[in-house]
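A.B. asks: Residue strings, one per chain:
Number of protein chains: 2
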Amino acid sequence: MKKREIPDIIVSRLPVYLRALHRMQAQDQQNTSSQELGEQVGISAAQIRKDLSQFGEFGKQGTGYNIVFLIGKLREILQVEHVWDVALVGMGDMGHALARYQGFSDRGFRVAMVFDNDPSKIGEQVGEFVIRNTDAIGQAIREAGIKVAMVCVPASAAQAVTNQLVKAGVKAILNYAPISLSVPAGIRVQYLDPSIGLQRMTYYLD
Amino acid sequence: MKKREIPDIIVSRLPVYLRALHRMQAQDQQNTSSQELGEQVGISAAQIRKDLSQFGEFGKQGTGYNIVFLIGKLREILQVEHVWDVALVGMGDMGHALARYQGFSDRGFRVAMVFDNDPSKIGEQVGEFVIRNTDAIGQAIREAGIKVAMVCVPASAAQAVTNQLVKAGVKAILNYAPISLSVPAGIRVQYLDPSIGLQRMTYYLD
Chain P
648 MKKREIPDII VSRLPVYLRA LHRMQAQDQQ NTSSQELGEQ VGISAAQIRK DLSQFGEFGK
708 QGTGYNIVFL IGKLREILQV EHVWDVALVG MGDMGHALAR YQGFSDRGFR VAMVFDNDPS
768 KIGEQVGEFV IRNTDAIGQA IREAGIKVAM VCVPASAAQA VTNQLVKAGV KAILNYAPIS
828 LSVPAGIRVQ YLDPSIGLQR MTYYLD
Chain U
648 MKKREIPDII VSRLPVYLRA LHRMQAQDQQ NTSSQELGEQ VGISAAQIRK DLSQFGEFGK
708 QGTGYNIVFL IGKLREILQV EHVWDVALVG MGDMGHALAR YQGFSDRGFR VAMVFDNDPS
768 KIGEQVGEFV IRNTDAIGQA IREAGIKVAM VCVPASAAQA VTNQLVKAGV KAILNYAPIS
828 LSVPAGIRVQ YLDPSIGLQR MTYYLD
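Those protein sequences? They're chains P and U, same order as listed. Following the numbering used here, the numbering of the first sequence begins with 648 at its first residue and continues without gaps. Following the numbering used here, the numbering of the second sequence begins with 648 at its first residue and continues without gaps.
Excised from the complex, chain P in its bound form (with noise of 0.2 Å):
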């Protein structure tokens, strides 16, 4: 299976669908289909069977999927067999709301260091990290191997501090600063901006 050859839209699916399940599992649900798997996320039955065949013969005609099964398959698809760590950089509001986010551990993630370039809150405690100076990025992830991770910094700061990443070799980047990232090929950004939510909504308002 050649990865590039599956569409990005489907890619960008499969963590809805592994978020459900894991709902499911947590209820101690044992098997699930493509409809009831499409009335819990909002999207198709035929659109999710189309999805996962892109990945293989998950499910059973009849039985549906076993939902452990497809878990396993799907954490293993999006590389979250194993936790990955991740950097977190800016310790405003949102940065000490994501140090402290309890929502990562089972889904493949864990904060493993914090940055801020304020020296009066570098050398702070933080939950169970200690801020450390946004001049030491690229050493430390380097020295960590850290492929992935988050940007919480003001606009005005955000694409430097990208700049400093991508050469710490980081691969993936969460960005919450509200800004468009410039970055090389090969390096992925992913944007959560609320305003940007917000305003994707009003257009449809009466």
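Hints are computed from structural coordinates only; laboratory data are not their basis. Do not take every clue at face value.
[What the hints assert, rightly or not] Calculated lysine to aspartate or glutamate pairs in the DMTMM-like style (CA-CA distance at most 25 Å, straight line):
1) U:K794 x P:D853
2) P:K794 x U:D853
3) U:K814 x P:D853
4) P:K814 x U:D853
5) P:K697 x U:D655
6) P:K720 x U:D853
7) P:K818 x U:E686
8) U:K768 x P:D740
9) P:K768 x U:D740
10) U:K707 x U:E723
Could you slot chain U onto chain P? The hints should help.
C.D. replies: Showing chain U alone in chain P's frame:
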């Protein structure tokens, strides 16, 4: 212009263009081109021209787009030429961060009221807000005529809160809870789940 005729994918890109234009404006730039805008947002110039042409003729051959004019047009299209009051439910770390977030005001939004169901939080002052009891959501939102909300409660509470919000007249929900929400037709939901964002990238990592 019938709104429903524009594909969602085009609408979803407009806030990204608007954000980039605001940034150019902040740097006292007067005009831009689809090429320059495209480089900043990582979308092809042809795609940008095609997207904008759905709504009118905003640029001039040779001089490109007047930034102030195009910002005005996009704000009008996205209906953020005025400020929407937003209800925020769930005052954990993320809710606190959003209540204090400085990035809403110039993009069409204002947190207007905040709620939590934790007796130890109700009545607490957070910035300019007093945390209200989630029991009061229905009446408070109806009286204020609020149409937009952000949900920052745990996954286990998110659907019940969503039902309350929808019943009170909310039409657009920005959901931070790690769960897919079920809503009636005509209600919009956007999701901001950091683990989903990260898993959408790990697929591509070597």
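A.B. asks: With reference to the structure, classify each hint as holding or not holding.
C.D. replies: A quick look at each hint next to the structure:
no. : hint            : verdict
1   : U:K794 x P:D853 : holds (10 Å)
2   : P:K794 x U:D853 : holds (10 Å)
3   : U:K814 x P:D853 : holds (17 Å)
4   : P:K814 x U:D853 : holds (17 Å)
5   : P:K697 x U:D655 : holds (21 Å)
6   : P:K720 x U:D853 : holds (18 Å)
7   : P:K818 x U:E686 : holds (20 Å)
8   : U:K768 x P:D740 : holds (18 Å)
9   : P:K768 x U:D740 : holds (18 Å)
10  : U:K707 x U:E723 : holds (20 Å)
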